[in-house]
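Trainee: In the order they appear, the protein sequences are chains A and B.
Okay, so the first sequence: first residue is 1 according to our numbering, each after it adds one.
Okay, so the second sequence: first residue is 1 according to our numbering, each after it adds one.
Treat the hints as calculated values from the structure; they're not laboratory data.
Computed from a prediction, not measured in an experiment: that's the story for all the values here.
Treat the hints with care, since some could be wrong.
Simulated crosslink set (DSS-like; lysine-lysine; CA at most 30 Å straight-line) [as the list claims (entries may be wrong)]: (1) Lys9/A / Lys26/B; (2) Lys9/A / Lys138/B; (3) Lys19/B / Lys222/B; (4) Lys26/B / Lys3/B; (5) Lys209/B / Lys70/B; (6) Lys150/B / Lys9/A; (7) Lys9/A / Lys131/B; (8) Lys150/B / Lys138/B; (9) Lys131/B / Lys3/B; (10) Lys121/A / Lys180/A; (11) Lys222/B / Lys127/B; (12) Lys19/B / Lys9/A; (13) Lys127/B / Lys26/B; (14) Lys318/A / Lys131/B; (15) Lys70/B / Lys150/B; (16) Lys138/B / Lys19/B; (17) Lys138/B / Lys318/A; (18) Lys26/B / Lys70/B.
Okay, the calculated bits of chain B under chain A, using three or more residues with CB under 8 Å as the criterion [what the hints assert, rightly or not]: (19) 78–86; (20) 92–103; (21) 112–122.
Across the chosen pairs, the derived CB separations fall in these ranges [said to hold, decoys possible]: (22) Ala386/A / Glu193/B: 22 to 32 Å; (23) Ser313/A / Asn10/B: 38 to 48 Å; (24) Pro165/B / Gln317/A: 31 to 41 Å.
Note that the Cβ used here is the ideal one computed from N, Cα and C, for glycine as well.
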Amino acid sequence: MSFALTSFKKDISRWRQDVMSVLIWISIPLMIGGLITSLIGSDVKPHGVLLMVDQDESLLSGFVAGAYSSGELGELISVEKTTLEDGTERINEGDASGLLVIPEGFGAALLNSEPVTLTLKTNPSQTILPGIISNVTEILLDAGFYAHQLFGDEINTMTSMSDNPPDALVAAMAVTIQNKIESVAPQLFPPIIDVEIVEPPPKEPTPPLALLFLPGMILMAVMFSANGVASDWWRERQQGTLRRLVYAPGQLGAFVVGKALAAAVIIGMVGGLTLIIGFFYHDVSLSKLPSSLLWVALSGVALFSWFAVLQMSFGSQKTASVISSMLLFPLLMAGGSFFPLAVLPGWIAVIGRASPNGFVADRLTAEVTASSAWSIAFSDWLIVLAAAAAGLTVCAWRLRSGFARA
Amino acid sequence: MLKVEELSKNYGDLVAVDKVSFETGKGAVFGLLGPNGAGKSTTINCISGLLQPTSGHASVAGHDVVSDGKAARRNLGVVPQELALYEDLPAVENLRYWGKAYGLHGQELDSRVVEVLETIGLSDRAKDLPKEFSGGMKRRLNFGCGIVHKPQVILLDEPTVGVDPQSRARLFDMVEAERDAGACILYTTHYMEEAERLCDSVAIIDHGKLIAQGTLGELRAKLGARDILQLSGSFPEEATRHALEILIERGDHDLEVISQEELGLTLTLSQASQHLPAIFDTVSGAGGNVTETSLRSPNLETLFLLLTGKELRE
Chain A
1 MSFALTSFKK
11 DISRWRQDVM
21 SVLIWISIPL
31 MIGGLITSLI
41 GSDVKPHGVL
51 LMVDQDESLL
61 SGFVAGAYSS
71 GELGELISVE
81 KTTLEDGTER
91 INEGDASGLL
101 VIPEGFGAAL
111 LNSEPVTLTL
121 KTNPSQTILP
131 GIISNVTEIL
141 LDAGFYAHQL
151 FGDEINTMTS
161 MSDNPPDALV
171 AAMAVTIQNK
181 IESVAPQLFP
191 PIIDVEIVEP
201 PPKEPTPPLA
211 LLFLPGMILM
221 AVMFSANGVA
231 SDWWRERQQG
241 TLRRLVYAPG
251 QLGAFVVGKA
261 LAAAVIIGMV
271 GGLTLIIGFF
281 YHDVSLSKLP
291 SSLLWVALSG
301 VALFSWFAVL
311 QMSFGSQKTA
321 SVISSMLLFP
331 LLMAGGSFFP
341 LAVLPGWIAV
351 IGRASPNGFV
361 ADRLTAEVTA
371 SSAWSIAFSD
381 WLIVLAAAAA
391 GLTVCAWRLR
401 SGFARA
Chain B
1 MLKVEELSKN
11 YGDLVAVDKV
21 SFETGKGAVF
31 GLLGPNGAGK
41 STTINCISGL
51 LQPTSGHASV
61 AGHDVVSDGK
71 AARRNLGVVP
81 QELALYEDLP
91 AVENLRYWGK
101 AYGLHGQELD
111 SRVVEVLETI
121 GLSDRAKDLP
131 KEFSGGMKRR
141 LNFGCGIVHK
151 PQVILLDEPT
161 VGVDPQSRAR
171 LFDMVEAERD
181 AGACILYTTH
191 YMEEAERLCD
201 SVAIIDHGKL
211 IAQGTLGELR
221 AKLGARDILQ
231 LSGSFPEEAT
241 RHALEILIER
251 GDHDLEVISQ
261 EELGLTLTLS
271 QASQHLPAIF
281 DTVSGAGGNV
291 TETSLRSPNL
301 ETLFLLLTGK
311 ELRE
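Same shape as in the complex, but just chain A (with noise of 0.2 Å):
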């Protein structure tokens, strides 16, 4: 066991020369991962401008510029106040999601009732924000309607006011107002049927799907550290390194242990750091981190050490690391580094869960989504710890069998 530890730390003292390796297995998935998010996975609403010329200038046109910016509809619209001719330009340039003028002389046609025609010219360029308008303008002129038959009086006498009306008045008003609410209430909220209310049963809340990316980027970092530590044997073997450990007493297991505490230690490095920043990234709870590192750190290193297997397989570096790399990018499609397993096609996902670093992510995916931490089975764990003792003791078999000795 002394050895195996000198033999980790001897490894961990050669990687800190080699630190732009772990830089590159770090900022490769971050960089994918940072992009994905960006594009899928951000909580910005779309916003919109609704140009506003108010020819009118009375009341009411001012309560319909408020209704547009009140409320929730105000984080997705702003209202802009400008002239017929500049709110034309930006339009017609699509500097905005609509404009909507309101004529000289709407507010006395609303309390005639009167005809009276609001113009608004919507951006054909965009698709959500303009019917958003376009259906809110055609509420306020309905509820105007609404308004002005219960209220025509009441409005009357609010638009004729002077800017400091009596207090008197003002009580007089809204106890009217109020009496009418009431007298219409039963009519307009009736209990008009009975409802019986089912209650569904309670769905799991469906992860964000940038969250879903989330386990499918640290398995790319574990899978590229992972080969580029697993590549070290070829270095040592060049390094003529191996061949010398032949000639030491009876070590070779003890430096296989070794190989795998330094491997578990950076790609856990690896794969830690940027769990931690996808932790806070998509607001994980922190609980979570000690489980889902322990998964990603011993995961990969049963992954180091069949990579490590297949690279020892062939006669030479070139060789091994082209057919490593060959192998990596297809298990990094399959397992969901690109696409989360989630939102693949069925029959696809199931491919994809059977690959090794499906299956890892898969699991750590169910890690951060639960409820709770160490929510993994613990046949899970089991498996992983049986694939990196079957892969690092084939490692030993073959250092023995020939790998160490050319």
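We have chain A; now place chain B onto it with these hints.
Mentor: Chain B in isolation, oriented as in the chain A frame:
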């Protein structure tokens, strides 16, 4: 301390090492000489445990390298022909690592590492990475890694290949220091002058077989005081052979033909310089033409030529 008995290594039909036997003891340097591909490295690889011998035995400090491999290796230090270093680990860490691989630790390891750094002349570069070293410095560190655990038997496989003269001299000093400290050293080389300087006894190997073995004195005695005379030019085969036979029959010198080809003739005889006119007359009388003459006094190189009929570095 190092005993090799009837050691053979076959690769299919190819016999790389053929029943090689030799023995050497404490505080001695045993030279294994031979041209490239003669079987020197294969012999070393069998002794070091890198290769399994096809037949025969080798033992290090009394431990069989196959049946008691661990104990044998614990007493064995190998300085391979190719560098075997962590280029990205400081020199001192290389030594510490390989010391630990052989079970050294604590104070013993610390003091031995300091001692070896001193021996190989890298104390002032201990913390530097070998990738920044010159070829000679790397060779010295390679040597240091092989002896850091103070082995009783050291195998040196052509340690001076590609080394500048200064580093070569330093390596010789290091080998002599280990020998003086009591180590048993097996030294392979195809440089005869190295063997003559370092080795107490020598075995000459060619095509996997030992063709001569003994102390330097014993091997020189095999040559006698005869020189080696090499003639280049053109030598009609039959006529030259006949003329040389007549010359030998006259019996006024101990002439012996080592090899005779159409373009070259190798002869051995005592005080060859005095007999050159007679030899030239004989050759030209047989229709031959000498364009180049090389006369060498007896040494291991000429012994090899005598035994195999070819140059050591061919």
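Trainee: Next, verify each hint and record whether it holds.
Mentor: Quick rundown of the hints versus the structure:
{"no.": "1", "hint": "Lys9/A / Lys26/B", "result": "violated, 36 Å"}
{"no.": "2", "hint": "Lys9/A / Lys138/B", "result": "holds, 22 Å"}
{"no.": "3", "hint": "Lys19/B / Lys222/B", "result": "holds, 22 Å"}
{"no.": "4", "hint": "Lys26/B / Lys3/B", "result": "holds, 12 Å"}
{"no.": "5", "hint": "Lys209/B / Lys70/B", "result": "holds, 28 Å"}
{"no.": "6", "hint": "Lys150/B / Lys9/A", "result": "holds, 24 Å"}
{"no.": "7", "hint": "Lys9/A / Lys131/B", "result": "holds, 19 Å"}
{"no.": "8", "hint": "Lys150/B / Lys138/B", "result": "holds, 19 Å"}
{"no.": "9", "hint": "Lys131/B / Lys3/B", "result": "violated, 37 Å"}
{"no.": "10", "hint": "Lys121/A / Lys180/A", "result": "violated, 37 Å"}
{"no.": "11", "hint": "Lys222/B / Lys127/B", "result": "violated, 50 Å"}
{"no.": "12", "hint": "Lys19/B / Lys9/A", "result": "violated, 44 Å"}
{"no.": "13", "hint": "Lys127/B / Lys26/B", "result": "violated, 34 Å"}
{"no.": "14", "hint": "Lys318/A / Lys131/B", "result": "holds, 22 Å"}
{"no.": "15", "hint": "Lys70/B / Lys150/B", "result": "holds, 16 Å"}
{"no.": "16", "hint": "Lys138/B / Lys19/B", "result": "violated, 35 Å"}
{"no.": "17", "hint": "Lys138/B / Lys318/A", "result": "holds, 26 Å"}
{"no.": "18", "hint": "Lys26/B / Lys70/B", "result": "holds, 20 Å"}
{"no.": "19", "hint": "78–86", "result": "holds (count 7)"}
{"no.": "20", "hint": "92–103", "result": "holds (count 7)"}
{"no.": "21", "hint": "112–122", "result": "violated (count 0)"}
{"no.": "22", "hint": "Ala386/A / Glu193/B: 22 to 32 Å", "result": "violated, 59 Å"}
{"no.": "23", "hint": "Ser313/A / Asn10/B: 38 to 48 Å", "result": "violated, 26 Å"}
{"no.": "24", "hint": "Pro165/B / Gln317/A: 31 to 41 Å", "result": "holds, 34 Å"}
Consistency note: the structure conflicts with the earlier hints numbered 1, 9, 10, 11, 12, 13, 16, 21, 22 and 23.
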